[in-house]
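Visitor: Protein chains in written order, with the working numbering: chain A, 1 to 222; chain B, 223 to 444; chain C, 445 to 666; chain D, 667 to 888.
Treat the hints with caution; some may be incorrect.
As the list claims (entries may be wrong) - Just a sample of chain A residues kept apart from chain C, beta carbon distances all over 12 Å, derived:
1) T7
2) V8
3) D33
4) L56
5) S66
6) G68
7) K115
8) E124
9) N178
10) K182
11) N188
12) D212
Said to hold, decoys possible - Think about it this way: if two alpha-carbon atoms lie no more than 16 Å apart in a straight line, the pair counts; the simulated EDC-like pairs of lysine to aspartate or glutamate are:
13) C/K498 - B/D354
14) A/K221 - B/E442
15) B/K276 - C/E495
Stated by the list, open to error - Part of the chain D face toward chain A, derived, beta carbon under 7 Å:
16) F724
17) P739
18) G783
19) G799
20) L816
21) T823
22) L876
Think of the hints as simulated: they come from the structure by calculation, not from any bench.
Since this is a predicted model, take the numbers as computed values, not measurements.
For glycine and all other residues, C-beta sits at the position ideal for the given N, C-alpha and C.
Number of protein chains: 4
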Amino acid sequence: MMKYPSTVRLLGQSHSLLNQFMAEIRDVEIQQDSLRFRYNLERIGEIFAYEISKELAFSEKEVTTSLGIANVPVLTNYPVLATILRAGLPFHQGFLKFFDHASNAFVSAYRMAHKDGTFSMSVEYASSTALDGKVLIICDTMMASGSSMLHVYKELTARGNPSHVHIAAILSSMEAVNHLKKSIPKKNVTIWLGAIDEELTAQLFLVPGLGDAGDLAFGEKN
Amino acid sequence: MMKYPSTVRLLGQSHSLLNQFMAEIRDVEIQQDSLRFRYNLERIGEIFAYEISKELAFSEKEVTTSLGIANVPVLTNYPVLATILRAGLPFHQGFLKFFDHASNAFVSAYRMAHKDGTFSMSVEYASSTALDGKVLIICDTMMASGSSMLHVYKELTARGNPSHVHIAAILSSMEAVNHLKKSIPKKNVTIWLGAIDEELTAQLFLVPGLGDAGDLAFGEKN
Amino acid sequence: MMKYPSTVRLLGQSHSLLNQFMAEIRDVEIQQDSLRFRYNLERIGEIFAYEISKELAFSEKEVTTSLGIANVPVLTNYPVLATILRAGLPFHQGFLKFFDHASNAFVSAYRMAHKDGTFSMSVEYASSTALDGKVLIICDTMMASGSSMLHVYKELTARGNPSHVHIAAILSSMEAVNHLKKSIPKKNVTIWLGAIDEELTAQLFLVPGLGDAGDLAFGEKN
Amino acid sequence: MMKYPSTVRLLGQSHSLLNQFMAEIRDVEIQQDSLRFRYNLERIGEIFAYEISKELAFSEKEVTTSLGIANVPVLTNYPVLATILRAGLPFHQGFLKFFDHASNAFVSAYRMAHKDGTFSMSVEYASSTALDGKVLIICDTMMASGSSMLHVYKELTARGNPSHVHIAAILSSMEAVNHLKKSIPKKNVTIWLGAIDEELTAQLFLVPGLGDAGDLAFGEKN
Chain A
1 MMKYPSTVRL LGQSHSLLNQ FMAEIRDVEI QQDSLRFRYN LERIGEIFAY EISKELAFSE
61 KEVTTSLGIA NVPVLTNYPV LATILRAGLP FHQGFLKFFD HASNAFVSAY RMAHKDGTFS
121 MSVEYASSTA LDGKVLIICD TMMASGSSML HVYKELTARG NPSHVHIAAI LSSMEAVNHL
181 KKSIPKKNVT IWLGAIDEEL TAQLFLVPGL GDAGDLAFGE KN
Chain B
223 MMKYPSTVRL LGQSHSLLNQ FMAEIRDVEI QQDSLRFRYN LERIGEIFAY EISKELAFSE
283 KEVTTSLGIA NVPVLTNYPV LATILRAGLP FHQGFLKFFD HASNAFVSAY RMAHKDGTFS
343 MSVEYASSTA LDGKVLIICD TMMASGSSML HVYKELTARG NPSHVHIAAI LSSMEAVNHL
403 KKSIPKKNVT IWLGAIDEEL TAQLFLVPGL GDAGDLAFGE KN
Chain C
445 MMKYPSTVRL LGQSHSLLNQ FMAEIRDVEI QQDSLRFRYN LERIGEIFAY EISKELAFSE
505 KEVTTSLGIA NVPVLTNYPV LATILRAGLP FHQGFLKFFD HASNAFVSAY RMAHKDGTFS
565 MSVEYASSTA LDGKVLIICD TMMASGSSML HVYKELTARG NPSHVHIAAI LSSMEAVNHL
625 KKSIPKKNVT IWLGAIDEEL TAQLFLVPGL GDAGDLAFGE KN
Chain D
667 MMKYPSTVRL LGQSHSLLNQ FMAEIRDVEI QQDSLRFRYN LERIGEIFAY EISKELAFSE
727 KEVTTSLGIA NVPVLTNYPV LATILRAGLP FHQGFLKFFD HASNAFVSAY RMAHKDGTFS
787 MSVEYASSTA LDGKVLIICD TMMASGSSML HVYKELTARG NPSHVHIAAI LSSMEAVNHL
847 KKSIPKKNVT IWLGAIDEEL TAQLFLVPGL GDAGDLAFGE KN
């Protein structure tokens, strides 16, 4: 078993339904059913939300039942759920189904190609709730180079000062993990992944990967 | 009963569960539950999708059952589902639950205030599938002045040439309807509304309306 | 266009997404995906609920919005939703998603074969909320001979006196419709159908039909 | 931290969204919204399904992606999902949303009061898929005395010989756990609970509990 940095949680490393759902979104036949593809992304989002919730703060609350008083732990604060357009939407939908009282942020990141062959990222659209002191979860289906995620991380943390940031991606390259870990603080950031794929092509595709998550969920872009 | 132009369908004019769900999203108490608020927007999206589907083209298809052959009408082509960020997302989600094989477009429209007190619209983000020859449905929760909808209509029809455009909004002002009807072709456009509210304030709020649909669904913007 | 008795509403007679979903549940390939099969039954249940709601009583209500008062029609009373185990459960689930405040009834009907080759029906399990003065909707996926539906109708109306009964089935034989119409009062009963299939076999299978809805939704019975 | 027998998993013992959802179903105010009540039971069912899946058998499978081959672990066999009518239905619905390829069983258990003040259980309705060699999950919202669950366990294991049985209940008394452990084999049975409530009244209500789960989900019985 490979050793990952302490702030990386690889949820697919042990067996569970998460692996079943990841197998289905990778499968070139099964992914033709876009309803099932989106539904699998949602279910995976629910599982990530649940696993991340195990590391959030809970407080005892006295709940009045019809027959007495129950002392039950409830979330001290709801996290803010951010995602990256458009591919992240169904994964985010799963997070929101479990963290249904959460506020949200939506960001689009655009990769610009320069004449010299290099790329840079810019943010076109960003809509966010206040982030100061909040736990922020940024979720996206895949991290290839990690540039979009890093750019969105920077955009959002420039707008506010969250107490902790959870970065969540279903599939990632090791390059993306290393890129992120170099560029973001060690403290107060946790990276949650479903699986780490072996190869990142020059065209920034994960292999074996699953193809283009946005196209599979919402149709090919013009 | 008020008379509307022939290309406007006012779905809330006759009684149905649509009115029940619209009552709930307007209600200042009930809308505090953001899960129910989003769910109501989804259910309303499903109802709009179903009503719009009655005007789409269907073709007979021979379907093989386990016991024989059934001749059943199926959609000749799936429409493209477009929405406006971020408030339109849960309404769009309802459309997508019913038109689950559809391709999609997401657009963000931004209102810029000028020094002279006027406004102009610009598009920040637009991601669309091919539109030529397609039936296009553009859905947004509310139309106040109608400027966002008109701007998105122009942006999308500049990118392709759909055979028909259905514009769908749950609540609208009469001003928005008139604004749209002046600015878009009479042919090949149908406007679908849940209810037309009496008043449009100078700050572009519908009254009685429901408040800010984006904030209620996703949390207050920073 | 065939003429049906005034108390029968054949929803699939005009084109809509209902026909699309009915095509999918009939299709021997598509129905292999039991998640999609159940989901289609739910969506059909939502459509039936919506269409039936157009004939229910609504009352104006003053709803306080954040900006004013809206006079909106809401359901005067929620119907009671009854279904027949186990095949009716996903169809019922769709009704409940739209009539989410409704109370419910669950009944199982058992066909007993006698030595002389005849059959009789008996109820094994019945759990119902109070029915007096309520609008009752009894939904089941299919009506072959109509005996189960008739038996459940009698069981429930023996337990209370609903003001109106809506009987809803996605697929039915003409024999079942005639059987019901002979045996239940003309007044205060409406029959809602998706499609009427041509043939009813001696083994009580609809042709072309869709096979065994319970097995397709929940797995073959032992 | 209390020590439970090795075959009992108390999922609410550590903090997670499960506790949040359990707080909501107990809360006498929040549970008035029956849609949210049923939805919470479903979400809890999904969490139980996910946690139980961690103890199921997985096999490596070669999945063909659009870009290569992924070796991914998938469920070796789907479990059979059994529930007890009617209160267990929404909890079961959550299991089925995660184990969507599973076959199912539905059982109703009836408590008969005798003249001498004692009770006995009988099964009215049981519909089950084949169980031999299968992993069987029996889920019910609550276990008060544990008699219904034990009766259904006996009914189902008389019909087939599952390789393992997982018994799942959101709330339970310690009496029910002890009753089950005395009456069922130590081997091949695992009990999964959300919380163990302190008190079981003479009328077999859990305290603090949540009231009658069936009534809250589906309306008061007549």
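Visitor: Among all the numbered hints in the text so far, which are the ones the structure does not match?
Guide: 3, 13, 14, 18, 19, 20 and 21
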